[in-house]
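Visitor: Each chain, written out:
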Amino acid sequence: MTTETVLIIGAGQAGAEAAWRLRELGHEGAVILAGAESHAPYERPPLSKKFLSGTGDTARLQLRKPTAYTEAGIDLLTGTAVRDLDTEAGTATTANGARIDFDHCILALGATPRHLPQSVPGGRAARVLRDLDDAAELRETLQAGRRLVVIGGGYLGMEVAATARGRDVAVSVVEAAPAIMNRGVSQQTAAFFHAAHEARCVAVKTGVAVASIRPGKGGDLLTLDSGEELEAGIVIAAIGVAPNTALAAAAGIDCDDGILVDGNCRTSVPGVYAIGDCAAQLVPSSGRRLRLESVQGAVTHARLAAAAITGTDPPPERAPYFWTEQYSYRLQMAGLADPSRPCEDLLRGSPEDGSFTVYRFQDDVLAAVEAVNNPVDFVRSQGRIGQSRETFE
Amino acid sequence: MPRATFILSDGDRRTIDIPAGWSLMEGARQEGIPGIVAECGGGALCSTCHVHVAPEWHETTGPASDLEEALLGLAPGADEHSRLSCQIEMTEAYDGLTVTVPETQATG
Ligand SMILES: Cc1cc2nc3c(=O)[nH]c(=O)nc-3n(C[C@H](O)[C@H](O)[C@H](O)COP(=O)(O)OP(=O)(O)OC[C@H]3O[C@@H](n4cnc5c(N)ncnc54)[C@H](O)[C@@H]3O)c2cc1C
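Here the protein sequences line up with chains A and B, keeping their order.
The first sequence begins at 1 in my numbering and counts up one residue at a time.
The second sequence begins at 394 in my numbering and counts up one residue at a time.
It is possible that part of the hints are untrue.
Covered stretches of chain B, as calculated for chain A (at least 3 residues, CB under 8 Å) [unchecked claim]:
hint: 1; segment: 413 to 424
hint: 2; segment: 430 to 440
hint: 3; segment: 476 to 484
It should be emphasised that the hints constitute simulated quantities derived from the structure, not laboratory data.
The model shown is predicted, which means the values in this text are computed figures rather than measured ones.
Every residue gets a Cβ at the ideal spot worked out from N, C-alpha and C, and that includes glycine.
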């Protein structure tokens with residue numbers, strides 16, 4: 001038992017946490033952490049925030065200093081993409097043709113940014129932001145006076161818009177949905193951030209889509225489906241990600257918009273786990289299948305898989321947690337409202353003063369909390385998710 | 394480079410170098426100090442990087458800010474020497490700083 005080898009494929013937030021957790025839980029066999037990127041595992045959230053603003057340095061993004069892995073007995077293999085997985089034989093083959101044998105395998109493959117669809121001519125001209133190299137390149141281009149068009153008004157797009165404004169870049173955001181941050185926040189919170197961006201001269205265009213991108217005078221010329229044209233020196237598409245499932249699917253593991261896993265992050269193949277952005281988990285308490293794209297999701301999955309492998313108690317289930325930072329506003333969110341059912345939102349505090357909390361009830365149960373610059377209220381109410389409204393008031 | 398010592402919940406001591414300008418939490422995370430969860434990534438948004446500053450260092454590190462104080466109210470076992478390690482920025486003046494890592498963090 002103790003000499004079993006765990007191979008973790010993907011050395012991002014989830015993979016790194018799994019490696020450390022296995023050691024903390026006393027796993028004595030080999031732990032191999034193989035990642036395609038040339039960097040030691042690092043955190044992505046600052047890539048659209050502090051790092052992009054020009055102040056963050058690369059070493060500070062690292063989750064652990066590279067030598068800490070060796071000291072903890074973790075074999076960190078950077079620049080090692082796994083190309084093929086044979087779950088029956090318990091072997092993985094790397095892009096260089098090297099073979100790695102394992103007893104347990106954790107897939108922590110992350111996700112890939114979606115590009116604009118083929119139906120948008122010139123769509124490939126838009127950059128994407130996922131990894132450190134993307135961020136370092138984007139950071140170079142964000143010079144004062146340049147014009148940036150952000151396609152997609154989700155968290156990532158709005159963070160890039162805010163950071164770019166902080167560097168005196170002129171910014172437009174194009175969002176096809178009727179509101180920004182459409183996936184999952186209350187109308188109040190979305191409106192608050194919309195206004196915050198407009199107050200800082202970001203042109204926020206909702207309900208319109210990009211029809212084409214062509215080379216223009218000083219860069220690119222975007223035509224929207226409303227007929228409007230936008231000039232841009234820099235175009236970035238932040239229109240969501242697709243989970244990296246190809247390796248798993250080719251190995252015969254069940255996938256469907258994510259590698260399908262149970263409450264303990266086990267895939268359909270015994271001994272193989274999937275965690276983080278690549279995993280679509282069936283959450284035991286709600287029976288809903290969720291693919292979270294968050295640090296907390298990655299960390300929680302990693303702990304579940306490590307517990308399953310070491311035969312220790314799984315960590316207790318917790319409400320999903322996410323945060324975003326735009327300008328001086330920090331939004332923290334916990335819980336997930338079921339989008340198929342109506343929400344009754346209760347606002348406390350004052351958006352005018354830039355500090356408030358929205359409590360979201362569904363069927364008189366607290367389903368989600370959103371807090372802007374209100375971390376104390378947030379942490380207090382986090383534990384109350386799932387409680388009925390009466391106990392709350 | 395300033396050094397800091399962490400007394401872990403099992404009594405072990407770990408002394409590490411932390412570049413000036415980094416937070417105590419960032420230093421701990423780089424080295425993989427157990428018990429510093431730092432769930433929000435730093436920035437006084439949660440209370441999971443709670444430490445007890447050794448009494449003789451209390452004056453140097455100073456008191457917690459109001460926000461930090463409120464967050465510490467949610468940390469198990471917080472006392473008058475408690476701080477969030479993400480809010481302690483290391484400088485040469487902190488060389489030798491000693492803190493105790495609590496047995497549990499708020500949510501980790
Ligand atoms: C710019 C940005 C800002 C973000 N901000 C926030 C935020 O504020 N709050 C928040 O909670 N979340 C945020 N997120 C999301 C969060 O970073 C992700 O949810 C998290 O990184 C997921 O971790 P992961 O390990 O599943 O995937 P990743 O961190 O993407 O790691 C996956 C790794 O696997 C590697 N890989 C893939 N295939 C292979 C293979 N075949 N062989 C070897 N290696 C492979 C990839 O190269 C990658 O390094 C942000 C993400 C981005 C990009």
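Visitor: All the hints need checking, so say for each whether the structure fits it.
Guide: To see whether the hints hold, each was checked on the structure:
| no. | hint | in the structure |
| --- | --- | --- |
| 1 | 413 to 424 | holds (count 5) |
| 2 | 430 to 440 | holds (count 8) |
| 3 | 476 to 484 | violated (count 0) |
Checked against the numbered hints given earlier, the structure breaks only hint 3 and satisfies all the rest.
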